[in-house]
Amino acid sequence: MNRSNYISLAAAFIILGLLQVTVLKNLILGNYSSCFIYILPLLLIPLEVSAIALMATGFLYGISIDTFYDTPGIHAASAVLVMYLRPGLIRLLTPGGGYDAGTQISAAELGWGWVLSYFIPLIFIHHVALFFIEAGNLGMFWVTLGKATMSSIFTLVVSLIILYIRMPQKGSRL
Amino acid sequence: MYSLFQFLYRNRAFLTFLFLEVISFWLVLNDRSYLGAKFFNSSNRLAANVLSVSSNVSDYFSLGKVNAQLAEENRQLHEMLLNQPPKGIDPIRIDSVSIDSSNYIYEMLAAKVINNSTRRVNNYLTINKGSDDGIVPGMGVVGPQGIVGKVKYSSKHFSSVISLLHTEFLISTAVKRNQVYGTLRWTSGDALYADLQYVPRHVNLQVGDTIVTSGFNTIFPEGYQAGTISEFTISDDATFYTVKVKLATDFYSLRYVYVVKNLLAEEKDSLEQVTIPDYE
Numbered sequence: 001m002n003r004s005n006y007i008s009l010a011a012a013f014i015i016l017g018l019l020q021v022t023v024l025k026n027l028i029l030g031n032y033s034s035c036f037i038y039i040l041p042l043l044l045i046p047l048e049v050s051a052i053a054l055m056a057t058g059f060l061y062g063i064s065i066d067t068f069y070d071t072p073g074i075h076a077a078s079a080v081l082v083m084y085l086r087p088g089l090i091r092l093l094t095p096g097g098g099y100d101a102g103t104q105i106s107a108a109e110l111g112w113g114w115v116l117s118y119f120i121p122l123i124f125i126h127h128v129a130l131f132f133i134e135a136g137n138l139g140m141f142w143v144t145l146g147k148a149t150m151s152s153i154f155t156l157v158v159s160l161i162i163l164y165i166r167m168p169q170k171g172s173r174l
Numbered sequence: 001m002y003s004l005f006q007f008l009y010r011n012r013a014f015l016t017f018l019f020l021e022v023i024s025f026w027l028v029l030n031d032r033s034y035l036g037a038k039f040f041n042s043s044n045r046l047a048a049n050v051l052s053v054s055s056n057v058s059d060y061f062s063l064g065k066v067n068a069q070l071a072e073e074n075r076q077l078h079e080m081l082l083n084q085p086p087k088g089i090d091p092i093r094i095d096s097v098s099i100d101s102s103n104y105i106y107e108m109l110a111a112k113v114i115n116n117s118t119r120r121v122n123n124y125l126t127i128n129k130g131s132d133d134g135i136v137p138g139m140g141v142v143g144p145q146g147i148v149g150k151v152k153y154s155s156k157h158f159s160s161v162i163s164l165l166h167t168e169f170l171i172s173t174a175v176k177r178n179q180v181y182g183t184l185r186w187t188s189g190d191a192l193y194a195d196l197q198y199v200p201r202h203v204n205l206q207v208g209d210t211i212v213t214s215g216f217n218t219i220f221p222e223g224y225q226a227g228t229i230s231e232f233t234i235s236d237d238a239t240f241y242t243v244k245v246k247l248a249t250d251f252y253s254l255r256y257v258y259v260v261k262n263l264l265a266e267e268k269d270s271l272e273q274v275t276i277p278d279y280e
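Chains as they are written, first to last, in this note's numbering: chain A, 1 to 174; chain B, 1 to 280.
Please keep in mind that the hints were generated in silico from the structure rather than gathered at the bench.
In this text, a Cβ means the ideal position worked out from N, Cα and C, and glycines have one as well.
Where hints are given, some of them may not hold.
Derived, one-sided and incomplete: chain B residues facing chain A with beta-carbon distance under 7 Å [said to hold, decoys possible]: (1) Val28; (2) Glu73; (3) Asn74.
Not everything, but these chain A residues come out facing chain B in the computed CB check (under 8 Å) [stated by the list, open to error]: (4) Tyr6; (5) Ile7; (6) Leu19; (7) Ala76; (8) Leu92; (9) Pro95; (10) Ser106; (11) Glu109; (12) Gly111.
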């Protein structure tokens with residue numbers, strides 16, 4: 001992971017965060033499905049970053065999103081949860097030969113299968129935590145779970161599109 | 001001692017996790033906390049400036065609707081002026097010069113909505129007026145069509161407002177036709193409808209009855225439009241009606257609001273504070 005990767009990651013945090021709080025906040029498909037794309041840069045933090053730094057980043061980023069949503073703590077709690085589970089899931093998904101030093105989380109290096117099995121559980125857990133903490137009780141369990149599921153699909157699709165667009169094209173690399 | 005440190009070090013990730021989650025949940029549960037009020041809400045200067053830039057852009061898409069709303073509001077005001085009963089023969093009474101603003105009970109302040117949510121369980125708005133304009137938490141907010149909410153926090157130039165679409169925001173209201181009191185409360189879901197609670201069964205209700213604020217609180221002026229009854233039912237063993245109210249305010253197209261300052265609020269509240277304990 002070199003310096004320019006970190007800069008583009010920082011840019012992703014800012015751009016996707018702003019996109020989240022200005023545009024996606026007001027975009028809800030069919031009254032059920034919202035997109036929480038701000039979680040994507042958190043999932044793309046390089047492998048070598050320590051667990052504590054991951055959670056601290058998740059917390060600070062989550063609380064910033066909360067500030068715009070007027071929901072102190074909700075996004076922070078879900079982001080910290082995802083960041084806590086992340087290293088374990090990555091260990092679980094270790095490919096046959098292990099991770100090479102400096103491996104980046106991308107479809108080009110790890111394949112779409114890996115990306116899917118990494119994104120789906122984490123995005124789903126994040127959204128379930130988010131919607132249930134927001135609801136504050138289990139009263140409307142199925143409605144809340146439905147919202148979380150529909151939103152997870154929305155977020156997943158947008159994340160995959162962004163990953164696909166950002167993927168270096170074959171042959172274009174010098 | 002050494003093994004204690006070793007234990008802490010080995011579980012440092014889990015302990016950090018617990019620590020951050022405890023902070024988060026503390027913020028979630030204490031939504032009136034000092035930290036929440038001071039930093040983590042949309043009246044925070046940075047957040048509000050970003051939101052206000054984004055609303056400046058999206059404003060252009062709703063100009064037509066805003067104009068129509070303002071025209072409708074003007075129509076109502078003109079109608080009220082025309083239908084005002086003549087104030088006797090004394091011409092001095094209706095001379096506009098003699099209207100003494102020191103008799104005003106309410107002051108209104110126009111503000112622009114720069115952020116508004118309608119689809120969550122508890123919704124908030126952000127408006128572009130703050131403590132520098134004299135806004136303090138607790139003031140009522142009304143829109144061109146009806147009541148909107150109540151100021152929760154205010155920073156220098158912005159305020160964060162609890163929307164009527166908040167499940168814990170109860171408003172004392174009355175049925176305009178027969179002055180029966182009830183509590184208006186939104187119970188999440190559809191942003192167009194709320195429930196009117198605690199209307200006893202002996203009351204005669206009709207679909208289309210207007211619900212107005214009751215004036216028992218000091219937040220809203222008495223008699224301000226809240227909505228109309230769209231349907232009501234009562235089961236055989238229930239004490240209260242189940243009433244569905246179509247809200248007067250269209251929260252989807254809300255762009256400008258008025259903050260209501262009740263100049264007598266302090267007097268009324270402190271009087272009630274003094275009186276009520278005497279009965280207990």
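Right, here's what the structure says about each hint:
1. Val28: Interface hint status for B:Val28: holds (4 Å vs cutoff 7 Å).
2. Glu73: 24 Å, violated
3. Asn74: 28 Å, violated
4. Tyr6: 22 Å, violated
5. Ile7: Interface hint status for A:Ile7: violated (22 Å vs cutoff 8 Å).
6. Leu19: 10 Å, violated
7. Ala76: It holds, given that the least Cβ distance between A:Ala76 and chain B is near 4 Å, below 8 Å.
8. Leu92: For A:Leu92, the interface hint is violated, since the closest Cβ of chain B sits about 16 Å away, which is over 8 Å.
9. Pro95: Check failed: Cβ of A:Pro95 comes no nearer than 23 Å to chain B, outside 8 Å.
10. Ser106: 25 Å, violated
11. Glu109: A:Glu109 check fails; min Cβ-Cβ to chain B is 25 Å, beyond 8 Å.
12. Gly111: Violated. Min distance 27 Å.
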